[in-house]
Structure formats: structure tokens, C-alpha cells
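Assemble the complex: chain A is given as a structure, and chain B must be docked to it using the hints.
Each chain, letter by letter, is given below.
Protein chains: 2
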Amino acid sequence: MTTTLPAPAPLTGFHLYDTTLRDGSQQEGLTLSVADKLAVARHLDELGVTYIEGGWPGAVPRDTEFFARAGEELTLRHARLAAFGATRKAGVRVEDDPQVAALVDSGAPTITLVAKSDLRHVTGALRTTAEENLAMVRDTVAHLVGLGREVFLDAEHFFDGFRHEPEHATAVMTAAHEAGASVLVLCDTNGGMLPHQVTEVIEELRTRLEQAGAGAARLGVHTHNDSGCAVANALTAVRAGITHVQGCVNGYGERTGNADLVTLLADLQLRMGMELVPAHVLEETTRIAHAIGEIVNMPVGTRAPYVGASAFAHKAGLHASAIRVDPDLYQHIDPQRVGNDMRMIISDMAGRASIELKGRELGFDLTGEGELLSRLAATVKQREASGYSYEAADASFELLLLDELGQVPSYSTVESWRATSQRGRDGTLESEATVKLHGDGDGPHERKVAIAEGNGPVNALDLALRSALRERHPEVDDFELRDFKVRILDAQHGTDATVRVLVRTSGRGLEFQTVGVGPNVIEASWEAIYDAYTYGLYKSGV
Amino acid sequence: MTTTLPAPAPLTGFHLYDTTLRDGSQQEGLTLSVADKLAVARHLDELGVTYIEGGWPGAVPRDTEFFARAGEELTLRHARLAAFGATRKAGVRVEDDPQVAALVDSGAPTITLVAKSDLRHVTGALRTTAEENLAMVRDTVAHLVGLGREVFLDAEHFFDGFRHEPEHATAVMTAAHEAGASVLVLCDTNGGMLPHQVTEVIEELRTRLEQAGAGAARLGVHTHNDSGCAVANALTAVRAGITHVQGCVNGYGERTGNADLVTLLADLQLRMGMELVPAHVLEETTRIAHAIGEIVNMPVGTRAPYVGASAFAHKAGLHASAIRVDPDLYQHIDPQRVGNDMRMIISDMAGRASIELKGRELGFDLTGEGELLSRLAATVKQREASGYSYEAADASFELLLLDELGQVPSYSTVESWRATSQRGRDGTLESEATVKLHGDGDGPHERKVAIAEGNGPVNALDLALRSALRERHPEVDDFELRDFKVRILDAQHGTDATVRVLVRTSGRGLEFQTVGVGPNVIEASWEAIYDAYTYGLYKSGV
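Those sequence lines, one after another, are chains A and B.
Position one of the first sequence corresponds to residue -16 (the numbering used here), numbered consecutively onward.
Position one of the second sequence corresponds to residue -16 (the numbering used here), numbered consecutively onward.
Only chain A is shown next, with the shape it has when bound in the complex (with noise of 0.2 Å):
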């Protein structure tokens, strides 16, 4: 089935193009399922991103699947969603092509081809001719432009391939151009480019595009960092004048990874002046940086310009005192505007600081408490010495904050629990769980004792827990724990580790996080399940 779409309307301004569905998911260790890819995406939008490259239908099933459901479950609010392929191959018609096709089906507006534009590449590792290379680019990006496709062309090894032989690669560039292809993106794909060589390449291409009759085309730049300049690469292409930059957030990719998107969008508006996003979008980068970082399970790195935990964190010493004075000495930007915060490393002061505005965001003015903000930081200082974190845990937070004001509630008093999980001598699992309490408060104070299986250990704990509290508050069948992450501290120990559990909860209108620790995963999971039913009840005005 082939759909012709109405051709899109350009998209005019700066593209700011996120690959992180696809070229990011090609980092070791990163895999995405579509659910995580549906839920990167929304935050993609969130961010401000122009494109979002959702992977590759045909060639990966899941990528397919995306599309489809993307299609139906995926309200886009700013960005265009955009499906990545390869031109024809060789000595095939365009209509015949099925890769082609899948690529039609997806139904995303927009398609990114990649093509060879070294001609080392098209002898080597494709096996064809310059010419036959050229009639590829020509015919698929015709085909699709037909069909009402916006078509940008990925210009693989297109720094290498010029470097070497400009002839071809520039040949490439004009036969997109030529076709209807609306931006030529020149991809530095083994990342080893230096700023001063993007710029030579980019003056040199100019002037060749601008003999062979193709001035007017639109240029972009798709840079990895192998030799560490992946970003300084995209602004000095965007100081020659492209508009339209390629990276994935978090800096994920292949390899060393590609540019990172969240960076290069900060640098561009803040350093650069550009007006990319408005302002209240960027100050929420931080908060999605970490969010995407949670989805695809590898956290921002704490060193990570603007958005790392450590990217305004200061270390008491020379310049504490100065600081004090006027901070803006002290950082390169204003940390506020992209959502992070200074931090004094190893200062009661700043401790305070950041738990009484933490403590407005959830509705409590503590101003002028300075006491119980001390003790407040005190304890979240010395539990997270221990491997919690309240980061995304806000309602362990809260909890934590009612127990100091003593307002925590408490709905039941737990005598002991017990997990087992067992395979038998016929292969089948077994997962069961007992939970034994006392009920707290108003209202009948009996022992319940409660047994229930699930398919897992967490699963039949959190059954049994549910099934112990429900005569009291049958409230809590309208919670559903909805997301589940294991982190291992201190992962030198093995099996004998310290473990994080970050479990996330929604119902009765409510979405929330909570934490647990423990020297093993069912104490850690119990600990965050018990919190997610107390704060749920609580916040029910149970």
C-alpha cells in the first residue's frame, strides 16, 4: 500500500533534530522498547525538538511497531516526526524496493535517507558504481517527494568521502538537491573531524554546490564525537551557516556517542543567542534530560554540561567565599535557565537552601523554620550517604518531610513478611508472598495475615501487602504500581551489594515516585511498595 500524503509545509526556522530513537539506540547497552520509544518521544516534544527520528520501519520490527502505534497513541505538539532509511539498492527499481515501501507505510511525513557520498564506500562496501550511486539518491528521493514525503538526505561519510574525493561527494549533494530533497545533511559518521576541518569542508562544498547550480540548498550537519568535539563540530557548522543540526539527547549514540542534543540546544540559545525554545521550555531541559535518562535506564552523566548534578556544583574552598559574593562569577550561565541549581558540595547552607525550595514545590512554606531545615538536610544527607535518592523520589521525600513535621500517617503496623520464589522438579515457577499486620488509627486494630502469588516475589509482596490493607482502605485497589527500576550500588560487591529501588505509582488522579534501600531487592522493593500505599492513602485524605 502506498499513500500519497499532502507534501508538508517546510518547516522554515533553525531543525533541531533529535536521532535518539534511532541513531542514539545504537549505544552499547541502550536498547528501547516501543513503549520507552513513545515515552522518549513525548519528551523529546516537550523539549522543543523540530524532528524527531523515530528509527528505521522495515529493516527493525520494533521500529515498524513504533510507527504504527505512533500513529495512534502519539500527539505531537511541536515536533514532526521523521522515519530513517537507505536509498534504493542497487540495480533495483524504486517501486520495487520493499525497504522503500516500509518506509511509505510508516506514514511518518518526513524520511531521512542515507546514502553513500564516499566514493570509497560506494566501490568498497556497496559494490557499485559512482554512477549508479547517483541514480539511487536521484530515484528514491524523487519517488518519495512524489508521494508527498519532506525527504532530507543523510550524506553518509560525507567529511571523509570529500576530504578524499570531492568530486562524488559533492556530485551526491546535487543529485539530492536536485531531486527535491528539502536539507543535505553532511554526516562526519566515523566522528573523528576537528572544528577547523568542518569549516573548511562546509566553505569548500559552498562554493562547488554553488558552480554545479545548487546554492540554494539547505545544509545540515550530523556529527558523533570520536574525537571529542562532537558538539564544538555542530556549532562551528552552524557559525558557517547550516541550520539544521543533528544529536540525541544525553549525547547517547554509538561508539562515543553523537552530538548531544541537550548541550548543543543550551549552547546554541544561551551562548550563541539563538532563539530556539522559548525560555520557560528551556529552564525544563534538566528535569527531561533525567526523565529520558530514567526511560533508557543510563542516567545523565554528573559531569554533563548544563544538566549533570555536578554541572553548577561547587566545591567549598577558593572560590566559596567569592561566591557568596556574587555567583554569577563563578558560573557561565545562570543554572536556573535550564532548570539545574548551584550546589555547594559539602555546605549545611546550600543543603537548606535547596530543601526549603524543594519543600515549596510540594506546598509547604518552611520559610524561617531553620531548625527543622537543618534536621531536614541532616537526614536527607545522611540517607543518601546510605544510596537513597529523593532526585525523582518525591513522594519518599514528602513522607519523610511529614514524619519531621509529624504529620505522618501511619495505616498499619508490619509484624513480619516473607517472599519465596522457587522452580520445581517440572521446570514451573513459583512466586508467593506472606504479609502479617496490625491495623493503625481510627477503626479495628485486628491482625491480618495475608498470602498471595505473583509472578515474581516484588509482585506477590506488593498482592499480599494490597491484600492485608483492603478490608481497612479499599483505596488501595485504586493504585496500580506502574514502573519498577533496580539500581545496584557500590556494584563492586557482586550478589552482595547494596540495592536502589525507585518505584513509580499512579491512581486516584496521582502519579508519584518513591524509594527503597536495602541490602537485598525484596527489602529495598518492600520498602518503596510500603511508602507508594502509605503516601497514596495519605494523599487520598484517607
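Among the hints, a few may not be true.
Copies of the same chain are indistinguishable here, so a pair counts whether it falls within one copy or spans any two.
Claimed, not checked - Okay, derived cross-link-like pairs now, DSS-like style, lysine-lysine, Cα gap no bigger than 30 Å in a straight line: (1) LYS468 / LYS364; (2) LYS72 / LYS341; (3) LYS72 / LYS364.
Since the hints were made in silico from the structure, they are not lab data.
Below, chain B without anything else, positioned relative to chain A:
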């Protein structure tokens, strides 16, 4: 005590100046003992850096001790030791400033003095006048040069200061040069510069220095990564004629870190053609970077340029077939030149070509085994779709391959296992596991029932399995499970989700990863641990 040294001969070649032991240790979470510092210094010397900044004697007690012990315990073959310190205090004679005296007493042949060069810092933070600031620079440099020290000037906030008000910034540099400083270092202390700004500042500074009669001054650069451009900014400065670059191994440093000196060295030598260290020294780069990462307990990032574990790892099926033809088409340098290796990552994007390459890496020649490769590719794809990930789990992949070849060893047949965790009435946590199995292969086949306690259910299972295998295979005790990673797949299902566990095991000279997937963390862990013992025993020739 003030020692006059014979003035050291200036190092006329390019300066690779490492400040890992001073600026690098400002990184959040990085704390170095004196022994650590000495060990790092030896590695830096081996790497071929020209200067090692050891710390701030006098200001930091540990650094005073470092210089004292370095004099006796540290024999440097190439590098020269530098002490970091500040110019004299405002309103104090340089001879009377104890901080300056401590620098002299450190015995370091080179002293790097930090000075304010941004007028706003002079008046706002230092609370003194421009004239006094210049006198502080002049006096301190002349004093130390008079005592036979080689003196470098670190002009703090130079780029920001120069862009704000170039007269004073230039005057600081001129004063230091006239007083005898060998190198004037432009510091981007807040780390926000972009490459084109670096070029602009250096060019304008040169013009001003020439006008001031200080055109012969040697310039250096010190960059931070707050805009993601630390390495590019240093390279750009070198392109602009600077012959002294400062950085930290692995990019350690305050906030977002300093310029990564490892990346810088490799870029300068391999991509800009400078001969900084002999080729055989460069081949030690990966080993040294990782060794330092171990000492400072902050491992090299997998995505680190040149030396990261993923720096030359290829995942995409698209590339694998071409890599087989010519690896150089797909990497920006030969990884052997920095002592790293190309690696093929097996994933669901992998086709037959990458499996063939992976097999070769593991010592299996699968050339011409088309049918076997197709079967393996299909198995990998199907298992990855159900949650397995062979990217990191080489050992599990090898077991899969051995299975296809009918060579998979079997050491036991598992009858059943059970793992229990509980919290009792008194709050004590207990985890225990039972494993029942029969021996396979040669030797007694009798049934073994083993029970073990652990600090969690997985630890208990590990110990029980080990105990059940021990009598027939005492080699199991040579292995240790070192790392344990849990990933919840399809997280939307909450505690009901599929779980993937990666286990890293070492022993008998081996280090390898195995993977397990299951509906619960216990079952998935069991599979990964069981594979780990199977693989370990097989590789031990049992």
C-alpha cells in the same frame, strides 16, 4: 626555609600539562590519598606528559605531604613536577607571605601561580585595586624566578575578563611576562567559551601583547567543559599558535570537568600530526587511562573518545557487512594506535556478518558456515526480542554458539531451587536458598542438596549453587561474582514486568558477563549465575 634552585632549563617543546592531581581532584566524589597521587603521577609520567601539577602545598595539607614524599619516592622519567599556588596577598610583602613560602618549600622546580585577570573579580571578590593586583603578579613571579623556579601564570577567568575589559587582562599578562614568567596561561575558569571565541581572544591578545612589547610571550590554555567544548577549545587554541595545553586525564575536574588530556593527546598526535610522544607510548594510552580510573575509583566512561570500552564498538547490522570488507572504512583511526580494540556488539540489529565477526573475536572461524550463521542470527534476534541482550554478555553468546555447534558442556542437571527472604517480628532480615541438582558427565552422578544463607535471595542462591557444585568441581570457588545489574523491561507493567539481569564474574584469569531473563528477578538471576558457573568451568578446561 627558602631554597634557591639552579634555574631549570625551559622545556622548549610542546607542553602537555596535567592537572589531574589539583584541578581534577576538585571533581565531586573524587578524593585522592597521597599514595593515590603518587601512583597517578607515575602513570602520568609513563603517558609522556611534560608537567604534572601535584597540588597546592601549604593550602592543602595532603598536598604538602605529597610534595615532601614525591621528593623521596617519585622518580619521574620525563615529566616535571609543578606546584600550584596563588600570588601574594594584597597589602603583604611577598617575602612575608606564608602561602608563597610554602610553594618554595615544596621543592617543586616549576610553580604555577594563579592570578586574577578579570577586573570584576579583582574588585568584587579580591576586594583590591587593579594596580595592587598587577603588583601582586609582578612581585610573586619575580620573587620565585629569583629563587630559580620556572614560573607559569594561570590567568584565572581570562577569557571572560578579556572579553569584558581587555586592558587589565592584558596588563596582568604583560606584568607576568616582564617579571619572568615562562608561560602565560589563558584560563576559561567558568568553562563557557566556544571555539570561535577562543580564536578571537587569542588573536586580539597577541596584538595587544605586541603593542605592549610582550609579543615574545609563550601562551598556554586551560579549558573546562561547561559548554561541552573543552577539548575543541584547547585544539582551537593550538591552531591559533598556543604551545601549552592543560587538562586532566579522563576529563576529571570540577563541575563538568577539565579538558580530557587523553583525548587531547590522541587528537593532537593522530589527527593534527604533532609528534608529542613515541608511537609505542601512545599505544599504552588505553591501559593508563583505565589504570588511573581504577586508582581514583572513577572508571573511564564507556563512551570516552579513544579509550572508552565502546569507543570502537559497532552495533549496527548496516555496518557489519562493510566492516568485514575493510575495517578502516568505519573507524576514524586504527584503535591499536591507542591500545584499544575494535569490538562487534551482538544485538537484534545484528545480521550474519556481525555474528561471523563476533565468532572470530571469540576464536571460532565460521567462514562459509552460512546455515549455522543464519540459525544463530535467528536465535539471537528471537531471544533479544524476548528481552535477552548479548551486547554485553559475551559469555552467554559464546554458550549459545557452543550449543549450536553441539559443544555446550553440561556439569549438572537442576532438579529444583527455592529462595526465601523474610523480615521477622524483631525486624531481622533473613534470606536463604535451597538448590537440588544431579552431577552430569563423568564421575559420580549423585544428587546434591545444598542450602545457604545470604544477605539477599540472589546472594543466597549463588552460595547454594556454588555449594552444590563444589564437591565435583572445586574450581567454582575460584570465581567471584563482581557486578550485578538489573533492568526491568517493559516497565509499564510495574512489579509484573520482565526482568533482565547481567552478571559479571571474574576468576582464573577470566572476566566475563552472562545474562538472564525471566518474569522475576530471582529467576533471571538464577539463569545468569548458572551460565556464569558453566562458562567459568568450561573455560577452565573442566
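Are the CA atoms of LYS72 and LYS341 at most 30 Å apart within a copy, between copies, both, or neither?
between (56 Å within a copy, 26 Å between copies)
Is it within a copy, between copies, both, or neither that the alpha carbon of LYS468 lies no farther than 30 Å from that of LYS364?
Both. Shortest intra-copy (22 Å) and inter-copy (25 Å) distances satisfy the 30 Å Cα cut-off.
How would you classify LYS72 and LYS364 at a CA-CA limit of 30 Å: within, between, both, or neither?
between (59 Å within a copy, 24 Å between copies)
The structure fails none of the hints (numbered hints given earlier).
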